[in-house]
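Residue-level listing of the chains:
2 protein chains.
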Amino acid sequence: MTSKRASAGKASIRRGTNLPRMGDFNESVVLDAIRRDRAGLSRVELAEATGLSAQTVSNITRRLIDQGVAHETGKQSSGSGKPRTLLQVAPGARYAIGVHLDPAVITYVLLDLLGTVVAQRSEPTPRGGDTDTVMAGMAASVSGLVGDSGVDRDRVLGLGIAAPGPIDVTRGLVVDPPELPGWGSVPLRDRLSEETGYAVLLDKDVIAAAVAERWSGAATESRNFLFFYLGTGSGMGLVVDDTVLRGSSGNVGEVGGLGAACSTRALVEEAIELAVLGHEFTPTDPQDAQRSLQHLASLAAGGEPRAGSIIDRWGVRIGRGVSAAATLLDSDTIVFGGPIWTLLADRLLAVIEPMVAQSPFVKQSHPTTVTSTAIGENVAAVGAASLVLDRSLSAQPKSLLLG
Amino acid sequence: MTSKRASAGKASIRRGTNLPRMGDFNESVVLDAIRRDRAGLSRVELAEATGLSAQTVSNITRRLIDQGVAHETGKQSSGSGKPRTLLQVAPGARYAIGVHLDPAVITYVLLDLLGTVVAQRSEPTPRGGDTDTVMAGMAASVSGLVGDSGVDRDRVLGLGIAAPGPIDVTRGLVVDPPELPGWGSVPLRDRLSEETGYAVLLDKDVIAAAVAERWSGAATESRNFLFFYLGTGSGMGLVVDDTVLRGSSGNVGEVGGLGAACSTRALVEEAIELAVLGHEFTPTDPQDAQRSLQHLASLAAGGEPRAGSIIDRWGVRIGRGVSAAATLLDSDTIVFGGPIWTLLADRLLAVIEPMVAQSPFVKQSHPTTVTSTAIGENVAAVGAASLVLDRSLSAQPKSLLLG
Chain A
1115 MTSKRASAGK ASIRRGTNLP RMGDFNESVV LDAIRRDRAG LSRVELAEAT GLSAQTVSNI
1175 TRRLIDQGVA HETGKQSSGS GKPRTLLQVA PGARYAIGVH LDPAVITYVL LDLLGTVVAQ
1235 RSEPTPRGGD TDTVMAGMAA SVSGLVGDSG VDRDRVLGLG IAAPGPIDVT RGLVVDPPEL
1295 PGWGSVPLRD RLSEETGYAV LLDKDVIAAA VAERWSGAAT ESRNFLFFYL GTGSGMGLVV
1355 DDTVLRGSSG NVGEVGGLGA ACSTRALVEE AIELAVLGHE FTPTDPQDAQ RSLQHLASLA
1415 AGGEPRAGSI IDRWGVRIGR GVSAAATLLD SDTIVFGGPI WTLLADRLLA VIEPMVAQSP
1475 FVKQSHPTTV TSTAIGENVA AVGAASLVLD RSLSAQPKSL LLG
Chain B
1115 MTSKRASAGK ASIRRGTNLP RMGDFNESVV LDAIRRDRAG LSRVELAEAT GLSAQTVSNI
1175 TRRLIDQGVA HETGKQSSGS GKPRTLLQVA PGARYAIGVH LDPAVITYVL LDLLGTVVAQ
1235 RSEPTPRGGD TDTVMAGMAA SVSGLVGDSG VDRDRVLGLG IAAPGPIDVT RGLVVDPPEL
1295 PGWGSVPLRD RLSEETGYAV LLDKDVIAAA VAERWSGAAT ESRNFLFFYL GTGSGMGLVV
1355 DDTVLRGSSG NVGEVGGLGA ACSTRALVEE AIELAVLGHE FTPTDPQDAQ RSLQHLASLA
1415 AGGEPRAGSI IDRWGVRIGR GVSAAATLLD SDTIVFGGPI WTLLADRLLA VIEPMVAQSP
1475 FVKQSHPTTV TSTAIGENVA AVGAASLVLD RSLSAQPKSL LLG
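Just so you know, the sequences run in chain order A and B. Per our numbering, numbering through the first sequence is continuous, rising by one, with the last residue being 1517. Per our numbering, numbering through the second sequence is continuous, rising by one, with the last residue being 1517.
No lab work stands behind these hints, which were simulated from the structure alone. Remember, predicted model here, so these are calculated numbers, not experimental data. C-beta atoms are modelled at their ideal positions from N, C-alpha and C, and glycine is treated no differently. Some hints here could point you the wrong way.
Unchecked claim - Simulated restraints on C-beta separations: (1) 1152/A - 1176/B: 44 to 50 angstroms; (2) 1299/A - 1417/B: 50 to 56 angstroms; (3) 1180/B - 1196/A: 46 to 52 angstroms; (4) 1468/A - 1173/B: 38 to 44 angstroms; (5) 1517/B - 1301/A: 41 to 47 angstroms; (6) 1477/B - 1420/A: 32 to 38 angstroms; (7) 1412/A - 1356/B: 46 to 52 angstroms; (8) 1235/A - 1173/B: 54 to 60 angstroms.
Claimed, not checked - Taking lysine-lysine pairs in the DSBU-like style, the calculated list, with each CA pair at most 35 angstroms apart, reads: (9) 1512/A - 1512/B; (10) 1477/B - 1189/A; (11) 1512/B - 1477/A.
Extracted from the complex, chain A is given alone in its bound form (with noise of 0.2 angstroms):
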């Protein structure tokens, strides 16, 4: 008999989990759990709410405190029995650093336990320029971040990058970007690794938008959703059964025809096509576009007809996308963001609210809600920074995976 040794490491077997594993992810339950309950939780209601028993609650609550994550405050009286001591996450125990790549703009965020948002700056995208010199400004630009908040360094759990698709997850860079010229050949996440001294992990854009939402649950507890990024260039952070998805190649949420239809430079190069815009208004790079386009989103706002329907007839092929996408997903919720969903949310949520709602499945099947993330504006960069948060902190039952 030969040995079929090769076919035993193969993809589809499974790898089992042991007792290390059981406790690190138990304590990021009860962890998750403190953290998601801002007014603080009972080791009781954490029991109840995890499964687990109330020594394991104990124990991991214990540790927590020591290792200065969480701590106790204050008590809950309730009925009868005596006073319950509450327990809450220490913000400030842990942070994370997170940069959107995006080619009009860089954006740096500084995250604390709880996701708020404590140190924030932005800068152009350098256009051209030598590789070398661009990777020691990012360097520089973290390090500012960080140095000018006063948090101390070694409470940093590591770096998170949101890079427009595609994406190159073996090689953590970004394939052949159009608008971002140069950076197609730039090891990123390595090179920001070495730059900076911290972990860093590489995300598209629009998958850390839908992390970041899922991490926060500010617009939506649904456990499935998707999230429609609009910036320079448009696609789907997708959430389903509870998990977030990446695909083959780490590039789920690609819109391929739609994402081209529905970037900032099409919208802009048909108002120009059309008229409602001059030619001084054709862009040249991405930032260029961005102006053109709040002057287009300005124009409508006061009222010119033709420049409301450029963007109308937009918010139609943004519907018919999502509405096709809810379907295929059986998705309950509709998260739109991203910087240029932020200038024209108001005229494209009445174009698409309806169009969802009228939708066949939806109207066969169940409710399905559309709304604005509640992050705001830089919800890529407080996406990258959650990668990390997620990464180190999240319950995910793949964690207890043996490795």
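Model the placement of chain B on the given structure of chain A, informed by the hints.
For chain B alone, kept in the frame of chain A given last:
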């Protein structure tokens, strides 16, 4: 301070895990590994593949042998060391029943532990008639299937139903099915459980087909594939990051307008409208529509150009739909199946394969395999039984969480 108990139970708090869950999970991991390697695996190979300790593997394999689901078989000599005993699954240790409720035909299968069909039967779907009679008829078919096979009823783990979507998972029934008049008000899952005495699971046919594909691994070992099912209706089963997606109401995979455009009925009606088929082919029910489509397929196969181009145009619509979905979900494999696919596979593949290869995302990111299911025409019925095997025996990290 007031109590915030209500929020403690909200859906977003993860459940913890414990030792018994961990034991069950590791047992499924080992069983799954043995099942996937039909030549057998040694205990050393199992430890390598699963990451579990030698002691844990040894304990688990002893339990599996005691339960009769695995047995020792032959020895493997590999170089110097002493020969290792190989373990294999005992295929006849457990069985599962699958029922595919298609508008044209109901298919019943009995699968063993390795997913081999050991018994099968099919009957035309009753049109009209009171639901009590229909349910009793289905129960009799199930009983006949198991009885004739000679399989001990106690070894049957349960019964799975695959039905056209949308389904109502909570109530366990099909929602307003246009091609299954009367079935929308039958509590299918519970009634069939009462009538047969088996535990019953219900899923959409396209999701069941994806589960079958993932369970058997016959056509693909991919962790990111979509299964396009062409039967009386069409839809997609989605596997992303090695997980079968279900969505907020268990209805992942609806394809909206594409589904309507790809139904057997729509295709036949188009052929009649274009006078490729005579009016005598106007379908009165789904069985009729299938016969008409078979005639259209044989015309095309015989070289009738207009029949061929109707099917080719259908292929283009499907090609567009799967390219968009594979782009959105970053799939590396597209599997096709279902009774209509079997009829038209060669012709449709010739249209769809180059469309996928030429889609912008595929060209930019990674090759995407287009293939037919190796399971065959009854993939939805096999999928229905696979739901039971998958639930009972697969190593799913989510099963670790406390209920």
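Distance restraint between residue 1512/B and residue 1477/A, which requires alpha-carbon spacing of 35 angstroms or less = 31 angstroms, holds
inquiry  = Can you tell me whether the CB distance of residue 1152/A to residue 1176/B sits inside 44 to 50 angstroms?
reply    = The hint (44 to 50 angstroms, Cβ to Cβ) holds, given that residue 1152/A and residue 1176/B are roughly 49 angstroms apart.
message = Holds or violated: the 46 to 52 angstroms window for the beta-carbon distance between residue 1180/B and residue 1196/A?
response = 48 angstroms, holds
query = CB of residue 1299/A to CB of residue 1417/B, is that within 50 to 56 angstroms?
reply = 52 angstroms, holds
inquiry  = Verify the CB-CB distance for residue 1517/B and residue 1301/A against the hinted window 41 to 47 angstroms.
reply    = Cβ of residue 1517/B to Cβ of residue 1301/A: about 45 angstroms, so the range 41 to 47 angstroms holds.
request  = Take a quick look at whether residue 1477/B and residue 1189/A sit within 35 angstroms of each other, Cα to Cα.
outcome  = Violated - the C-alpha atoms of residue 1189/A and residue 1477/B are around 60 angstroms apart, more than 35 angstroms.
ask   = Between residue 1468/A and residue 1173/B, is the Cβ distance one that fits in 38 to 44 angstroms?
value = 60 angstroms, violated
query = Quick one, are residue 1512/A and residue 1512/B close enough, alpha carbons at most 35 angstroms?
reply = 8 angstroms, holds
ask   = Holds or violated: 54 to 60 angstroms for the Cβ distance of residue 1235/A and residue 1173/B?
value = 56 angstroms, holds
query = Does 46 to 52 angstroms hold as the CB distance between residue 1412/A and residue 1356/B, or does it fail?
reply = 48 angstroms, holds
query = Has the hinted range 32 to 38 angstroms been met by the Cβ atoms of residue 1477/B and residue 1420/A?
reply = 36 angstroms, holds
Figure legend: structure checked against the earlier numbered hints; hints not met, in rising order: 4 and 10.
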